[in-house]
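K.L.:
If you want the building blocks of each chain, they are given just below.
There are 2 protein chains.
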Amino acid sequence: MQRILTGDLKKHIGKTVTVQGWLHKKRLLGGLTFINVRDRAGLVQVVVKDKTEVEKLRGLQIGTVLTITGRVKEEKRASGGVELHDPKLTVDVPVTDEPPIEIDKPLSHKSDNLDTLFDYRAIGLRNLQEAKIFKIRSELARYLREFLQKNEFVEINTPKLCSGAAEGGAEVFKLDYFGQEATLAQSPQLYKQMMVGVFERVFEIAPAFRAELSATTRHVSEVTMLDLEMGFIDGHEDVLDMVQDMVFDATKRAYDELSDELKSLNAPQLKLKPKFPRYSMHQIHELYSKETGNDTTKELDLIPDEEKWICEYAKDHDGCEAVFAIGLPKEKMKFYHMDNEDGTARSADLLFRGVEISTVPQREHRYEKLLAQMKAAGVDPDSQGFAAYVSAFKFGLPAHGGCGFGIDRFTEKIIGLANIKEAILFPRDINRLAP
Amino acid sequence: MQRILTGDLKKHIGKTVTVQGWLHKKRLLGGLTFINVRDRAGLVQVVVKDKTEVEKLRGLQIGTVLTITGRVKEEKRASGGVELHDPKLTVDVPVTDEPPIEIDKPLSHKSDNLDTLFDYRAIGLRNLQEAKIFKIRSELARYLREFLQKNEFVEINTPKLCSGAAEGGAEVFKLDYFGQEATLAQSPQLYKQMMVGVFERVFEIAPAFRAELSATTRHVSEVTMLDLEMGFIDGHEDVLDMVQDMVFDATKRAYDELSDELKSLNAPQLKLKPKFPRYSMHQIHELYSKETGNDTTKELDLIPDEEKWICEYAKDHDGCEAVFAIGLPKEKMKFYHMDNEDGTARSADLLFRGVEISTVPQREHRYEKLLAQMKAAGVDPDSQGFAAYVSAFKFGLPAHGGCGFGIDRFTEKIIGLANIKEAILFPRDINRLAP
Numbered sequence: 000m001q002r003i004l005t006g007d008l009k010k011h012i013g014k015t016v017t018v019q020g021w022l023h024k025k026r027l028l029g030g031l032t033f034i035n036v037r038d039r040a041g042l043v044q045v046v047v048k049d050k051t052e053v054e055k056l057r058g059l060q061i062g063t064v065l066t067i068t069g070r071v072k073e074e075k076r077a078s079g080g081v082e083l084h085d086p087k088l089t090v091d092v093p094v095t096d097e098p099p100i101e102i103d104k105p106l107s108h109k110s111d112n113l114d115t116l117f118d119y120r121a122i123g124l125r126n127l128q129e130a131k132i133f134k135i136r137s138e139l140a141r142y143l144r145e146f147l148q149k150n151e152f153v154e155i156n157t158p159k160l161c162s163g164a165a166e167g168g169a170e171v172f173k174l175d176y177f178g179q180e181a182t183l184a185q186s187p188q189l190y191k192q193m194m195v196g197v198f199e200r201v202f203e204i205a206p207a208f209r210a211e212l213s214a215t216t217r218h219v220s221e222v223t224m225l226d227l228e229m230g231f232i233d234g235h236e237d238v239l240d241m242v243q244d245m246v247f248d249a250t251k252r253a254y255d256e257l258s259d260e261l262k263s264l265n266a267p268q269l270k271l272k273p274k275f276p277r278y279s280m281h282q283i284h285e286l287y288s289k290e291t292g293n294d295t296t297k298e299l300d301l302i303p304d305e306e307k308w309i310c311e312y313a314k315d316h317d318g319c320e321a322v323f324a325i326g327l328p329k330e331k332m333k334f335y336h337m338d339n340e341d342g343t344a345r346s347a348d349l350l351f352r353g354v355e356i357s358t359v360p361q362r363e364h365r366y367e368k369l370l371a372q373m374k375a376a377g378v379d380p381d382s383q384g385f386a387a388y389v390s391a392f393k394f395g396l397p398a399h400g401g402c403g404f405g406i407d408r409f410t411e412k413i414i415g416l417a418n419i420k421e422a423i424l425f426p427r428d429i430n431r432l433a434p
Numbered sequence: 000m001q002r003i004l005t006g007d008l009k010k011h012i013g014k015t016v017t018v019q020g021w022l023h024k025k026r027l028l029g030g031l032t033f034i035n036v037r038d039r040a041g042l043v044q045v046v047v048k049d050k051t052e053v054e055k056l057r058g059l060q061i062g063t064v065l066t067i068t069g070r071v072k073e074e075k076r077a078s079g080g081v082e083l084h085d086p087k088l089t090v091d092v093p094v095t096d097e098p099p100i101e102i103d104k105p106l107s108h109k110s111d112n113l114d115t116l117f118d119y120r121a122i123g124l125r126n127l128q129e130a131k132i133f134k135i136r137s138e139l140a141r142y143l144r145e146f147l148q149k150n151e152f153v154e155i156n157t158p159k160l161c162s163g164a165a166e167g168g169a170e171v172f173k174l175d176y177f178g179q180e181a182t183l184a185q186s187p188q189l190y191k192q193m194m195v196g197v198f199e200r201v202f203e204i205a206p207a208f209r210a211e212l213s214a215t216t217r218h219v220s221e222v223t224m225l226d227l228e229m230g231f232i233d234g235h236e237d238v239l240d241m242v243q244d245m246v247f248d249a250t251k252r253a254y255d256e257l258s259d260e261l262k263s264l265n266a267p268q269l270k271l272k273p274k275f276p277r278y279s280m281h282q283i284h285e286l287y288s289k290e291t292g293n294d295t296t297k298e299l300d301l302i303p304d305e306e307k308w309i310c311e312y313a314k315d316h317d318g319c320e321a322v323f324a325i326g327l328p329k330e331k332m333k334f335y336h337m338d339n340e341d342g343t344a345r346s347a348d349l350l351f352r353g354v355e356i357s358t359v360p361q362r363e364h365r366y367e368k369l370l371a372q373m374k375a376a377g378v379d380p381d382s383q384g385f386a387a388y389v390s391a392f393k394f395g396l397p398a399h400g401g402c403g404f405g406i407d408r409f410t411e412k413i414i415g416l417a418n419i420k421e422a423i424l425f426p427r428d429i430n431r432l433a434p
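Residue numbers (numbering that gives the first Met the number 0), protein chains in the order written: chain A, 0 to 434; chain C, 0 to 434.
Only chain A is shown next, with the shape it has when bound in the complex (with noise of 0.2 Å):
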């Protein structure tokens, strides 16, 4: 027996195959049986007539797994525009209870509770709206590897069991590791920076752990990260170029090879020119102040209504829904940012439908600064954590930058999701460490 996805059922009009897959929605009609039967390419409809065929189905519940023989028949008003007639049915796997969730329904989680949702994911998901959001998600982090492979970066695993808490703040799972204290990576921020003297250009796509005390519709204690490193840079604006071209390459790949998945989900339309334009956070202040009447100007950092606002002035003003905003105030500095000794920093925010989607700063590469700035911000050089570290420095470091990129996050805004922990699979927070 040669299984044929529904997806490739067009080719064989007329002809006798055998497809495999989940009763999906069951309805009785006129005395006939409709079935839709789910497989990894789609749906297809089956029209069962024979009575044999039709009591086979009796009491079976959603999520059966059915092997179906029948014959492909044109049909353009069915989805993928055909349908199995004369159906000969195999129950693979009986379900006879009911589902807890519904998944016949076009995306039930925009009026059904979040919780319930998540309570429920491995069932929910086989809803194909849910299960398009995470193939959209497989595709994205495929683009973003190929633009960076293109690029030549070597793609690096680094470790999540360390032992200090690389950026410092409180916002760190510790755990007992034979003996002594162990920290969760909050991302592998040190050891990319290491990297840069090896291979100049890095990437991980990998797990980053924060214990975000928040249950806000932004905070999860488990992301996936992108992060990049590149060395050998002329100034800031090279980072900020590669950052650039892959959100505008793996974006343009998105509306471009999956379009109908992302209408299908009412993704908003896509505003993006190749050169996002650049702000700094002076000039924003000045903008939204003029605009709003909000005086924002004597603000550090910008407010989440400036975040908001500049997109949608950006991309009425400039046809582009992606911008930096450059400066970044000098107290949102982290240690190993440069200073550019004037009250900022050398770091940008890239801001996409409203949100910062990423941090791209220039690092500090020389030792003496380095180390300077590392006491400043009460961090120990010397330490187990960051002995390493330094070294790297010490024994010479080019001028690097690089961002952390999250695809949760991205995926988010590409769908235009409301919720980040939609585009987790099984996502992570104060309330939930389940399923």
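Worth double-checking, as some hints may not be accurate.
Because identical chains share one entry, a pair is satisfied inside a single copy or across any pair of copies.
Under the rule of at most 25 Å between Cα atoms (straight-line distance), these lysine-lysine pairs were calculated in the BS3-like manner [as the list claims (entries may be wrong)]: (1) K329 / K368; (2) K14 / K48; (3) K134 / K9; (4) K48 / K25.
By construction, these hints were calculated from the structure, which means they are not laboratory data. Because the structure is a prediction, the values reported are computed rather than measured.
Here the structure of chain A is known, so what remains is to put chain C in place on it, guided by the hints.
P.N.:
Chain C alone, transformed into the frame defined by chain A:
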């Protein structure tokens, strides 16, 4: 200034170009100074005659970051077939201390103490041979991923913070998760099986955590695993075929596309057939006992010497150094494996160059049977960690199987390294949590 990579200098013979890189070696010879400069593409030799330029290098050590403008001269005896002459040097980042570990020797670690190697990992990896290990590793992961994507596997990201130990067992790291106990995922086993119900075919490449109490060349507490799972299989053979084809494809590509790198690392000659031989455990015991006089026919599992022996046997006898050992003993079975009901589990070990690189079972997909096997194994199907898992079966999972496949181990065996840790950037074991 346009930077030219050392690997591209051959295209610029007779021209004056600019390269950037690290001082990798410095020699004085007959009044001339020869330096090797390293960038991400390799090395170039620079001949420094001019006294002002020679003076700039005084006191500078390996690792110094340089920008060099010079004339490209063909020189067949030099690495890359060219040299740079009449250079103008700019010292971008001076290094004045000698590095703690030699980096200009081939594969220094073979004779060095591994602990020293790992203590100075950030610097030691600048050795070109060391770096090659990880370029090969990066490519191996790309080949594996591309094979799976071509075969319609969806890449997923499953949580590493879990509420229970998926596979039971003692070797699990525990941590405090906002007041409740969490475990670090030993594998994505439960999640990938649930996702068969959504995507049919899934894979993930991600860290996995094992609190290994042993300190050997094979034990590390953090590994990078490729996990795959596929549904709607006709039988166990389908899974074996897929894993076989994946390993064949990735290995073949490595030996075709990375032959120079593999040769320079003294990787073993490859002997591989597209169809890996399959021997039952029983056959292996018989063959081994007959050949060696060491009677293993009463052994439950393969003994380590048999794993080595059968790989050698298959290499000579079948012309293939990868081999499946099928019909594993039921005693080795996990609760989610399928029982053959004849004293064996429907599982196979994939052996390559003397060691197991993957276990490839069919899973028990029948709800009632699975529940019984869980209970027999002392696993509570109703506990928080397993409720969603069993629900995926209750609501219909087709016959499926998959494997876990260590990227570290595969890299080690492809190159022919002596220790799995040499294939890991920053290895973790019972004695090592840094750098």
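K.L.:
What hint numbers does the structure not satisfy?
P.N.:
none
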